[in-house]
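A.B. asks: Spelled out, the chains give:
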Amino acid sequence: EDQVTQSPEALRLQEGESSSLNCSYTVSGLRGLFWYRQDPGKGPEFLFTLYSAGEEKEKERLKATLTKKESFLHITAPKPEDSATYLCAVQPNTGNQFYFGTGTSLTVIP
Amino acid sequence: DAMVIQNPRYQVTQFGKPVTLSCSQTLNHNVMYWYQQKSSQAPKLLFHYYDKDFNNEADTPDNFQSRRPNTSFCFLDIRSPGLGDAAMYLCATSRERGAIESNQPQHFGDGTRLSIL
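Chains as they are written, first to last, in the working numbering: chain R, 984 to 1093; chain B, 815 to 931.
It is worth saying that the hints were derived from the structure and are not from the lab.
Just so it is clear, CB atoms sit at the ideal spot from N, CA and C, and this is done for glycine as well.
Treat the hints with care, since some could be wrong.
A partial selection of chain R residues facing chain B, derived with a Cβ cut-off under 8 Å [as the list claims (entries may be wrong)]:
1. F1017
2. F1029
3. T1077
4. Q1080
5. F1083
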């Protein structure tokens, strides 16, 4: 069964304190893994797509990496405006479905 | 800007009173999705359309139906809402289902928050 697990559920960081969020997945053939940012009361906003193990993508203070079993979202020197829920989703090779994890709620304290 | 627009942003209905949520897109994407998201939970896929081809998830309640009259619009109909249907409903689109382009990410609207009295 296709499954996505994110950890931790919640993370509080001091401004400038780097950390990583984890997304573990089980899927029968990975077509793509996606990271989204979701602010309260808003829809998810696309951040990255990763297709194959070893791939990395970067955007400002965020860097996403992918292995055959998990993905990490590394946040370097976070700022308060990085506070949000970060969602991971996978798309299997068959069908159009995207399976989401429950997200990591990140709070960055000034 | 091309985008996914959901109306209304907030909807209040009475227990058992039918309600319709709407979604429009200017991206000209072939695939449109409806998700239900409850507080602190993952978005749960209800169904999706590939063009006019409707695909229902196995565990989507019969109470939920959808219509896609054209490429740009998609509707979610809840025939007899119960208290458990109170949630954020998210509409999303993606461009294509082809072997090369299938890794296109989904583009989300800002959702409709549904409350049941």
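A.B. asks: Next, verify each hint and record whether it holds.
C.D. replies: The hints, checked one at a time:
no., hint, verdict
1, F1017, "holds, 5 Å"
2, F1029, "holds, 5 Å"
3, T1077, "violated, 10 Å"
4, Q1080, "holds, 6 Å"
5, F1083, "holds, 4 Å"
Checked against the numbered hints listed earlier, the structure breaks hint 3 alone; every other hint is satisfied.
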